[in-house]
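A.B. asks: Here the working numbering is used: the sequence shown runs in plain steps of one and ends on residue 1854.
Worth double-checking, as some hints may not be accurate.
Taking CB as the label site, the calculated pair distances span [to be verified]:
1) H1602 with G1432: 30 to 36 angstroms
2) G1428 with R1733: 27 to 33 angstroms
3) P1501 with F1590: 25 to 31 angstroms
4) G1428 with L1565: 39 to 45 angstroms
5) P1622 with F1816: 38 to 44 angstroms
6) S1672 with A1807: 40 to 46 angstroms
7) S1427 with E1600: 43 to 49 angstroms
No wet-lab data here; the hints were simulated from the structure.
C-beta atoms are modelled at their ideal positions from N, C-alpha and C, and glycine is treated no differently.
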Amino acid sequence: MTGRSAEVVDSEICVVGGGPAGLSAALAARQAGAQVVLLDLFDRPGGQYFMQPPHPVSGLAAGQVAQGRALIEKARESGVVIRSRVEVFGADGATTLLARQGERALVVRAKALVLATGAHERTSPFPGWTLPGVMNPGAAQRLIKMHGITPGKRVVLAGCGPFLLVVAAQLHHAGCEVVRVVEASPSPLRLAATLLRFPSRWTEAAGLLRAVAPLWSRFRFGRVVAEAMGEGHVSRVRFAFLDKDGRLGADDPETIDDIDALLVGYGFRPSVEIAALLGCSLRHDWNAGGHHVVIDEASGATSVSGVFAAGEITGVAGARPALAGGARAGAAAARFVDRAAGHSPPSYPDRADRFAKALRRAFRVPYAALGQLPDAETLLCRCEEVRANDVAAALQDGGCDAHGVKMWTRAGMGLCQGRICGFGLSVYAAQRAGLDPASFGANAARFPARPAPLDILAEATAAVALRQADLADPPHSGLSKSASR
1370 MTGRSAEVVD SEICVVGGGP AGLSAALAAR QAGAQVVLLD LFDRPGGQYF MQPPHPVSGL
1430 AAGQVAQGRA LIEKARESGV VIRSRVEVFG ADGATTLLAR QGERALVVRA KALVLATGAH
1490 ERTSPFPGWT LPGVMNPGAA QRLIKMHGIT PGKRVVLAGC GPFLLVVAAQ LHHAGCEVVR
1550 VVEASPSPLR LAATLLRFPS RWTEAAGLLR AVAPLWSRFR FGRVVAEAMG EGHVSRVRFA
1610 FLDKDGRLGA DDPETIDDID ALLVGYGFRP SVEIAALLGC SLRHDWNAGG HHVVIDEASG
1670 ATSVSGVFAA GEITGVAGAR PALAGGARAG AAAARFVDRA AGHSPPSYPD RADRFAKALR
1730 RAFRVPYAAL GQLPDAETLL CRCEEVRAND VAAALQDGGC DAHGVKMWTR AGMGLCQGRI
1790 CGFGLSVYAA QRAGLDPASF GANAARFPAR PAPLDILAEA TAAVALRQAD LADPPHSGLS
1850 KSASR
């Protein structure tokens, strides 16, 4: 018994996520006259794109930081209440969210929700991927932007997608020796052909290409990381070629030695856990990052009344489409609570969304090859220490989908609940069983969606139960609304 009670917050609209989509949604709803609270997981709003470091920055990140700061200030000045370090782990119906802020439970009751929970990096296991010094490109970017710390001195960057270009430029600007940039796509001509169709992006692209120009001789295409090696820390990496069908081909004879950081990432996956808990319909599309929330494009409305979604959760597309989707969803949520009289949300060019889709087509992730990389002893699920041979045995015994493999092996049952291992499990299992990875499925939503201490869970659920009791028994409305334990 702690004697504590959950803090209960009432608001007309609750926005979950403080990146471009969430900030844009909150501002649009507030400008329409709605009462808005925004819940963000991190110390400062902004998300990965508009990340707000505690120190001055320069280079490519400077413009993003300034744009994000302006949007955050505008949202705050309009009256949006921003609550940082809030981790949402559950929901009660479509109007109540259960969360923790520090060491206290938080329950938010709203008439409408806007989900802008973003995306997380797609990690695919390979031998040696658990060695210290091996990390995702986004983690390295956060180290540089937020803390001014480089992931290493001699760095290899690998994976698939335009994000690699951004991180390569930032590593170089931060003083790292970028030894090699390994892109799975077969040729840079795909990117060039895409850019030719969108003249409005030439200036931005030219700036990025200038930033990576000193590294251009170190780029290699049509390859993937096959193995990381080292005694206690990564120090060596070898690669494999991809064939014309995107499967593993011959080993690349080049091996890079004397490195102290290896950054590997294959794009992003929408973070749909809270949406799934709320019962929102999902759809799978590899070009959108995998499972994403189905919405009405004009309003951001999901399949659940009163719940809207915007940004990467509706399909990975980048910051510009996220800003546009957030504005639409915020305005629609305001209309839902009868607060939109005479207000038109800011407009953003639809062409940004078309550009994002074209980029996704230009950078095809080699799913088959990634499923071929793990050997029998490669860890697929780090939380539960499940190896590839354990998953192979489960598939042979009849576990034909994500749920079956989880029941057989506990893969995906750990702290991350499949957020980290889910993509790698699906491509490996599909490769072993000869299936499309999409048919393997994903972890079903479970409460709590994120780890939370038992006392926090008890305080939050007690507050919800007390609210339900009050609604069911109006004569006792004079009783305390807290959830003391």
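A.B. asks: For which of the previously enumerated hints does the structure constitute a violation, in increasing order of number?
C.D. replies: Result: hints 4, 5, 6 and 7 break, sorted rising.
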